[in-house]
Every structure is written in structure tokens, then in C-alpha cells.
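Colleague: The lines below spell out each chain.
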Amino acid sequence: MRASIGAVAGFLLIALFSVSSGARDTWPTPPATAVAPPQVSGPLQGGTADHTKFDQLKGPFSSGPEVTVACLGCHTEAGDHFMRNIHWTWSYTNEATGQQLGKRYLINNFCTNSRGNEGMCAQCHAGYGWKDENFDFTDETNIDCLVCHETTGTYYKTPNSAGNAACSVMFEGKPPIDLAAVAQSVTLPQRANCGACHFNGGGGDNVKHGDLSSALKSPPRTLDVHMGVDGLNFACTACHITNRHVWAGSRYQVVSRDTEGTGKPGQRTDVATCESCHGLSPHPVDSLAGFKLNDHVQSIACQTCHIPEIARGGVATVVDWDWRTAGKTKDGEGYHEEGYIQGNGDHRYTYKSIKGNFTFDENFPPSYGWFDGQMLYTTIDTTFDPQAESIEINGFTGSREDPKSRIWPFKRMHTWQPYDKGNGTLVYTHLWGEDDAAYWGNYDMGKSIAKGMADFGLPYSGEFGFIQTISWWPITHMVAPKEQALGCGDCHTPTGSRLASVEGVYMPGRDHNRWLDIIGTLLVAGTLGGILIHGLVRFFSPSHGSKGEQH
Amino acid sequence: MATRRVKIFSLFERFWHWSQMLLIVTLLITGFGLHGFHDVFTFEEAVTLHTSAAFALLLLWIFSIFWLFTTRTWRHFIPSASGMWGVLRFYSYGIFKGERHPYRKAYWRKHNPLQALAYLMLKIVLFPAIWITGLAYLFYFAWRDVPHATQWLNGVAVVHTAAAFMILAFVLIHVYMLTIGHSFREHLMPMINGFDEVDLTPEEEAYLSKDQPGDIR
Chain V
1 MRASIGAVAG FLLIALFSVS SGARDTWPTP PATAVAPPQV SGPLQGGTAD HTKFDQLKGP
61 FSSGPEVTVA CLGCHTEAGD HFMRNIHWTW SYTNEATGQQ LGKRYLINNF CTNSRGNEGM
121 CAQCHAGYGW KDENFDFTDE TNIDCLVCHE TTGTYYKTPN SAGNAACSVM FEGKPPIDLA
181 AVAQSVTLPQ RANCGACHFN GGGGDNVKHG DLSSALKSPP RTLDVHMGVD GLNFACTACH
241 ITNRHVWAGS RYQVVSRDTE GTGKPGQRTD VATCESCHGL SPHPVDSLAG FKLNDHVQSI
301 ACQTCHIPEI ARGGVATVVD WDWRTAGKTK DGEGYHEEGY IQGNGDHRYT YKSIKGNFTF
361 DENFPPSYGW FDGQMLYTTI DTTFDPQAES IEINGFTGSR EDPKSRIWPF KRMHTWQPYD
421 KGNGTLVYTH LWGEDDAAYW GNYDMGKSIA KGMADFGLPY SGEFGFIQTI SWWPITHMVA
481 PKEQALGCGD CHTPTGSRLA SVEGVYMPGR DHNRWLDIIG TLLVAGTLGG ILIHGLVRFF
541 SPSHGSKGEQ H
Chain L
1001 MATRRVKIFS LFERFWHWSQ MLLIVTLLIT GFGLHGFHDV FTFEEAVTLH TSAAFALLLL
1061 WIFSIFWLFT TRTWRHFIPS ASGMWGVLRF YSYGIFKGER HPYRKAYWRK HNPLQALAYL
1121 MLKIVLFPAI WITGLAYLFY FAWRDVPHAT QWLNGVAVVH TAAAFMILAF VLIHVYMLTI
1181 GHSFREHLMP MINGFDEVDL TPEEEAYLSK DQPGDIR
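Order-wise, the sequence lines are chains V and L. According to our numbering, the first sequence is numbered sequentially starting from 1. According to our numbering, the second sequence is numbered sequentially starting from 1001.
Please keep in mind that the hints were generated in silico from the structure rather than gathered at the bench. We put the CB at the ideal spot given by N, CA and C, even for glycine. Misleading hints may appear alongside valid ones.
[Said to hold, decoys possible] Residues on chain V that point at chain L, a partial pick, calculated with CB under 7 Å:
hint	residue
1	Leu522
2	Val524
3	Thr527
[Said to hold, decoys possible] Sample of chain V residues with no beta-carbon within 10 Å of chain L, all distances over it, derived:
hint	residue
4	Pro37
5	Pro60
6	Pro65
7	Met170
8	Gly195
9	Thr350
10	Thr382
11	Tyr506
Based on the provided sequences and hints, a complete structural model is requested.
Modeller: Below you can see the structure in the form of C-alpha cells.
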């Protein structure tokens, strides 16, 4: 008896030992490194300097670059760091596709191209004075520190070149900027700093993205659960973590499926995915539904359910742009028409001579599709069939079978825009300028394209037309509180499913085998019919009433 | 040979039957809701009810299988051709003539041959088809990365739904059968109080009277 107890105890000890040694194999201890890396600190909070007390910022300053010199006097490495990021370079090479991307080169289906129009477009370059190819990208005093760091709200930028009189009138009569006051107000970027450009992409409030509008300057929690002033009040950089003036989160290279989650303490501060804070099992497992929702993380981007609609918050976005109607004038002058009143009561232009017709929309469901994070751009170098019905400005790939892909929400932007009908390429249009080829002021598209292409040595057949283009904007901001998230039935339904067009999956509730349903219904109906006939025959048979005694 | 009222359905069997009935009805209603045939519940409610009921039913089946084998009552479900023709003939012809049901319950054979075969098929074909596909369905995200997972899931869904249609047809016939022979109520009572009229051999009668007097009236 004692021997058997000993044997059992021994067996248990062995089992225990083998379990603990097995656990030790996956112990999360970092491996030793030969050379000690720099010590790791936690994220900075608070701050130890009051910029209003700095003599260097007392001024007076006569120009922005003078302020920059003052900034760099203390922040010695900031210039070197900053000049590496895309806010400065406007250039990005996609390593996977080799494509030359970046605002400097790309064509979109809004105002089409910044290239050749920098005098206007580079208002949103985080620098001073980029108006043509002669801009010095190596001069760190050209960096505009203030546009991102000032907090007075009185700082503004104007076009770097005069432009046609028809346009430049828009920028006249602005009050002078008190650069010393602005310089002393600097702090970490607020939502309004980033928003000065990012909320106004495409030429106006929320025109481009659909999920980035001026409504996010001071949003209620119901509009954005992270940025809400009555909630967490996150600035953009709370998620777009910054390391040496390089930000996490790229639209050129989207992390469509984060498989690492939060990581260990001190790690994972380099991504702007939902999972990097919320982990890979974000829903509390306090119900069967919570368990199933955590399963869905593998196939469905968080944004798909948690951003139920595009352009919430009262500011509409443009979903359709028609350049074909641009160029109409009244008495030789360009004009514009208001035709849309958005949620916050503001009127929006639905026609401008310089741009054509716009269609606005707000509070509308996104388009959905499998997305692997890879955008394939139609650039100025891409040739296509000139007879094509439509061209995708940034087609994206992804499928159910691809482990990186998940179902993402997108804003779909449709535009009729000019292209080279002879060569089958998109074109650079010369919109902004003081010359007589600039479309904005002269309204001659042919001339504008000819100059836009010639300025960069690009071939142009001389014959332009208008082609339909589609661009896709992954939706990731304006995350609603969980009570506003989509429910299961928004997708798992036979009619009106949010994911009605998504292929490659079998979704209970959405999908049926039609023949099975027909046969199954016939089986049940046939059974009921058989029972009815059997019962009726029994009822009317001669022996009715005797009930067949017993069995 | 005497016909006596004997307890043929133990308390556990009756509990099994009625809880199984409730769970299957719940599963049928919520399942066809999930399939998109009606909107009585939201999808989330239906999933929660359907999954909870399914787990409860699986637990019940684990207990019932254990019970069937420990009490040897599984033998009631052994198929037998003997007497099958008579039962078939009765349901399709004799019943209209007012004939007597040809089957007599025996103490160790409480189902008629058609019943035994039907219940056996339910137990070894339809139920396994639905619970195996159901578990595969529920844990789809654990095997979503195997090749052709979507096509497999499609197949799983087809088998699961087809089995559900057949179980619904079974339920309809099962309930209708209660109206044949005795009154509906008389058919129902054995599954409520456990007692039914059974042909006993003298030995069985003597044994029950002496050793299990509570099981015979």
C-alpha cells in the first residue's frame, strides 16, 4: 500500500516538474545582449519647461524661419529627425511594390495633383516657401515648427506663390501673426494642429477622408470615443505614437491585421493599430457573444463594426466629383453655388468653376472588402486602356485566403477627371500659377494639362478626355462608443447585410443553399400534408370512433 | 401472460425526454431564426440561446448515453425486422379499418419495431450529424486557416441545416403518432407518470411484484 502511494506521489512530482519545465521554455524573459542598449523609459508625461519663460522666444520675429532657428537652438536634433519624415519629404517608396508614392508625386481624384501646384498645395507642407522644384529640402530652417506645435489658434498659412488673381483674393486681408506669442504657446500637437491640414484634405473640411473633419477638434465622446472631450480626450499622437518625429500609422502601408497585440511592457509603441492597446481578444468574455466577437477579430477589422458610419459629427464628405463641368463662367468670371446643408447647418459648395460639381454625403455606411494593407496606385507612370470604363486610383488587394487580410471599411470616392486619351495615362494638371496656362483663372483644361506634363518632361498626346476614377479610403477614425457599434444582425441577415458584397466567406444568416431551403421546406410541408391526409382518412374511415382500441 | 400497468419510463428517462424536447424546440426556433426564416430574436439573442441550448443538450446526451449503457436499456433500441411489416401495414391500412395496433409492449421491449428503428436512426444518424456539424460550426474560427475552410464551412452548414429540417419533420410525425390508437392524453401519460400497460410473463410479474412493488400496479 505504502509503495503504491509512493509511486503515485513520484508520478505526480514528475508530472509537476515536466509541466513547470515546459512552462519555462516559453518564459518571456528577454535574451541577453552582448552590448547594453540605451535604457528604456516610460512615455513622457507632464514636461519640465515653460516656453513662455524662454528668452530665445521673446522675439521679436519677422518670419517663421527665425522662430525655427530659435527652436533648433535648444532642440538640436529635431531638424535632422524631422527632415526624414513624410510631412517634410512628401515622398514614400513602397518597398513591396517599388512604387514611388508620396504627395509630391501622386495623383488623387480630388484636386488631382500637388506636383506643379506646390504654390498652393504646399500650404500643407510642414515647411516654409515650397512653391516649385527649387525648394531646398536640406535647409532645416525651412521647417515650420509652429504649424504643428502652436496653440493660440492665430497661426495660419497662405499659398507660397501668388497664383492667379481670381484665387489669391481668397487669402487677402488676414490679420498679421504675432510670432512671439505663437512661439511661446508651443506644446505637444493638439488635434487642431494636425487637423489644420488633415481635416481639410482634398480642399475643404472632411472632403477627402470622410473620417477626419473639424468636428474632431472638440468632439463629444459619442463622435469619437477616444478623442471625445467628455471622455479620454486623446490627441492624435496618443495613437500615432511618435519616435524622433516619425509617426506610427501609415495609409501607404496599412497594418490590416495585427497579430502581436499589446506586446510586453515597454514594447509595441511603434504601431497605431487598435490591437496595440486593446490586445488580440478585445471583447470581455462575459457572454457567448463576447466569445464569438473575439473570434471575429481574425476576419474583421475592429473598424468594420466600431465605425458604423462615415462622416458622422455634422460635417459632410465628398463622395463624387465631376471635373467635366468645371470651367463654366458668368460674365467671364468663375463662380460657385451652394447646394448642400450639412448636419451642423453649414452650407457646402456643390459647384465651383475651378473644380466642377461635388456630391456630399454624411452618416452613410462604408463599403467593405478584404484588405491586406497593400494599396496599388495608379501613378503618373501607369498606363492603362484609354477605353477603360473606370480606373482605380488606389486599388487594394486581399482575400479570405490571405492570412494578412481582414474585412475593412472604406470610403469610396468616385470622380470624373481629366486623363490623356491618347496615351492612356493620368495627367498632372497645372492648376495654380500666375501664368496663362493655370486652370484656376484661365479655365482651359487642355492648356493646363499640356503645361502640367511638359514641366516635368512627361509625354502628353495632346488629346485629353475625362475618365471615371475610384479611390478607396480606409476608415479608421471616429470610433463610436461600443453601444453604437454594429450588431450581429447588421451583417448576419439575408436582406440588407452590411457585408452583402463581401465574397469568400460563408456567413450564417446571410448565406443559404437555395436548393437545401427548397427541399427542406418541401420536406416539412410534405410531412404536414401527409399527416393531414392520414388524419383525414382516419377521420372519415368507416371505423371512426372505435379509435382502433389500443396498441 | 398478463397485462399490467408497469413503470417503463424511469424518472431520469422522463426528465431526459422532456428537457430534450424543450431544448430541441428552442434549437429549432432559434436555428431557423439564425438561418433567416424569421426575426423573433435578434441574431445575438438567437446565437446565445442556440449555443446555450446546444451545450445543455450535449451535456444531457452525455448523461443519457451513460445511463443507457449502465442500465442496459440501450437494448430497447436494437433494430428488429420481426413485427415490422405488421406495424407498417397497420399505419398505412389497418388503422383506417379500425384494426387493433399489432404491437404489444414487453417489459424489455417497450418500443414497436418501427419506433425502435426510428429512434435508433435519430440517435446514430441525425443527432450526430447535427452535433458534429454544430461543434464544427461553433469553433469555425479554430480551423479557419485550413485550406478551403470556406468550402468546408459551407458543407458543414448544409449538413447542419439539412439535419435540422429532418429533425423538424421527425418532431411533427412524432407528435402526430400520439393521436393514433389511444387518445392523445393516454399516449402522453406514460412519459409523465412513467406507467404504461405492458404484457408481462408470469416470471416478470412475480419478480416485479416481489422485488419492485413500486413499479407495478
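Colleague: Check each numbered hint from earlier against the structure, then list the numbers of those it violates in ascending order.
Modeller: Violated hints (numbers, rising): 1 and 11; every other hint is consistent with the structure.
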